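Here the working numbering is used: the first residue of the sequence shown is -2, the next is one more, and so on.
Rather than coming from a laboratory, the hints here were simulated on the basis of the structure.
Heads up, a few of these hints could be off.
To be verified - Okay, the calculated beta carbon distance ranges per label pair:
| # | residue 1 | residue 2 | range |
| --- | --- | --- | --- |
| 1 | K24 | D429 | 39 to 47 Å |
| 2 | E394 | K367 | 14 to 22 Å |
| 3 | E256 | I399 | 54 to 62 Å |
| 4 | T469 | K24 | 39 to 47 Å |
Claimed, not checked - Straight-line Cα separation of at most 20 Å, SDA-like style, residue types lysine to any residue; simulated pairs:
| # | residue 1 | residue 2 |
| --- | --- | --- |
| 5 | K31 | V63 |
| 6 | K171 | G199 |
| 7 | K160 | N132 |
| 8 | K222 | N211 |
| 9 | K68 | Q90 |
| 10 | K479 | L420 |
| 11 | K142 | L172 |
From a predicted model like this one, the values you see are computed outputs, not experimental measurements.
By construction, the Cβ of each residue, glycine as well, lies at the ideal position given by its N, Cα and C atoms.
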Amino acid sequence: MAIIQQMQGNYSDSETSATEAVSFFQKTTNSYYKVAVYNTLGINYKNLFDFENSIYYYNQALNLAVDNLQKAILKNNIAVVYLDKKDYPHAIQILLPLTLEKEVQENPENQARILDNLGYACFKVGNLKSLDYLNQSTTIRKKIKDDFGMTASYNHFSEFYEKSNPNLAHNYAKLAYQKATKVNNVDDRLKSLALLIKTSTGNESKKFSVMHLNLNDSINKVRQKAKNQFAKIKYDSKKEKDENLKLKAQKAENALQLEKQKNRNLLLLILIVISIGTTVFIAYFLIAQSKREKIKASYDTETRIAKKLHDELANDVFHTMAFAETQDLSSNQNKEVLLTNLDIIYSRTRNISRENSAIDTGTQFVPTLKEMMSGFNTNSVNILINGLDAVNWDIIESNKKIAVYRVLQELLVNMKKHSKCSLVVITFKKNDAKLQIDYSDNGIGAAFEKINLKNGLQNVENRILAIKGTITFDTKSNKGFKTSFLFPI
-2 MAIIQQMQGN
8 YSDSETSATE
18 AVSFFQKTTN
28 SYYKVAVYNT
38 LGINYKNLFD
48 FENSIYYYNQ
58 ALNLAVDNLQ
68 KAILKNNIAV
78 VYLDKKDYPH
88 AIQILLPLTL
98 EKEVQENPEN
108 QARILDNLGY
118 ACFKVGNLKS
128 LDYLNQSTTI
138 RKKIKDDFGM
148 TASYNHFSEF
158 YEKSNPNLAH
168 NYAKLAYQKA
178 TKVNNVDDRL
188 KSLALLIKTS
198 TGNESKKFSV
208 MHLNLNDSIN
218 KVRQKAKNQF
228 AKIKYDSKKE
238 KDENLKLKAQ
248 KAENALQLEK
258 QKNRNLLLLI
268 LIVISIGTTV
278 FIAYFLIAQS
288 KREKIKASYD
298 TETRIAKKLH
308 DELANDVFHT
318 MAFAETQDLS
328 SNQNKEVLLT
338 NLDIIYSRTR
348 NISRENSAID
358 TGTQFVPTLK
368 EMMSGFNTNS
378 VNILINGLDA
388 VNWDIIESNK
398 KIAVYRVLQE
408 LLVNMKKHSK
418 CSLVVITFKK
428 NDAKLQIDYS
438 DNGIGAAFEK
448 INLKNGLQNV
458 ENRILAIKGT
468 ITFDTKSNKG
478 FKTSFLFPI
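Throw the hints in and build the complete structure from the sequences for me.
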């Protein structure tokens, strides 16, 4: 369709049809068709004087061309665009190497076309070889009886001799007009008539002017008629196709509705059964999972409390009982020792209770968190806290506050048991839409591969991952322990 429109001189509609053809391209489309469509677009844009788009689509075709002759033809087409742009040096730069290619020399029609274009470009820049190239092209065209090509050759000879030999230029313009009329090339007839007007005088010039005017009017009428006829055929074809598709779609829709009616009740029943079954399964699974998590949490808590009671209180209680049984409590000094031991036992018991008690995530969260961390301050360990009050804790979810509390508690317990440090620094800072908490101490550290197992920090990592955070450990033996965790707020 695009080529038919192009042959009728309807370049705008041809460009529309060719562009529509591009939309049907697939990876498996034969490259020959892609080259043909892009070449058609290049010709259309050239005739519409959109030279940049013309060169672009010729290059698209060139990138897909599969053989050297096809590539040479496309390069010649690009050179013709530069001729129309009056960029003759660029055209010569493209055409000259083409004359030496084997595939061009073995194809007389394209060899003649390239030589003719090269001769015309050289003529325009004053290159003395121009006449030789034009003569070579004409000789080949006469030999293969290429009347269509001879029209272009005679027109170029007419331009060549227009100033130096007007009579010869006039004769070549006549020959061009005769050839163009013979092959019914209306565009070249107009070109040759324009040259005849330039090379004629008096009544003869007037005669050719009238012929040019009449021919131009006739061409415009024929092309407009063809354009209208083509548009009507396309419209009628589309209308008939749409009607056929509509009838087929209606028939298919009726059959589909009948089939749907048969299956609707069965499908509905299946969906109801599946929905009920899915709901029951999900409910059972969630309830069972919740029970398992609660049992595990209770067990973990009980185990942790039992371990702390055994590790931290059992020995102290035993020694205090032994002291009370063996010492004279009437002595003020012994009474003081007993009271001190009981106070230590009470403090440890209170700490264990706090570690496993519910956490206030409301307005008292920050004071509670401070109290917990300050509880690890001793004569030998100093804990520094930075940026805690600068954080807007009101916008942070309760589960994340609990995670922060427990993670810091775990880290401080780990410090107390293993670190042997004298200074702990805990820093809170907002990092974009996230809260970053950095912990560091100057203790003995631990080898990275032993962190989780040896120091019991697996719970720390699990808690951070549960709130979609990240945690990093930076530790070296005898160089302190550092960790940083980050989570969205």
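Now the hints, each set against the structure:
Range check, K24 to D429: about 43 Å between beta-carbon atoms, so the 39 to 47 Å window is met. Checked against the hint of 14 to 22 Å, the C-beta distance between E394 and K367 comes to roughly 20 Å, which is consistent with it. For E256 and I399, the hinted distance range of 54 to 62 Å is satisfied, since their beta carbons lie about 57 Å from each other. Checked against the hint of 39 to 47 Å, the C-beta distance between T469 and K24 comes to roughly 46 Å, which is consistent with it.
For the hint pairing K31 with V63, the CA-to-CA distance comes to about 11 Å; that is within 20 Å, so the pair holds. Between K171 and G199 the CA atoms are separated by roughly 17 Å; this keeps the pair inside 20 Å, and the hint holds. At most 20 Å may separate the alpha-carbon atoms for a hinted pair to count; K160 and N132 meet this at roughly 19 Å. With a C-alpha separation of about 17 Å, the suggested pairing of K222 with N211 holds against the 20 Å cut-off.
Of the supplied pair hints, the one linking K68 and Q90 holds, its CA atoms being roughly 15 Å apart against a limit of 20 Å. For the proposed pair K479 and L420, the alpha carbon gap of about 12 Å is at most 20 Å, so the pair holds. For the suggested pair K142 and L172, the alpha carbons sit about 14 Å apart, so the restraint of at most 20 Å is met.
Hint compliance for this structure: every hint is met.
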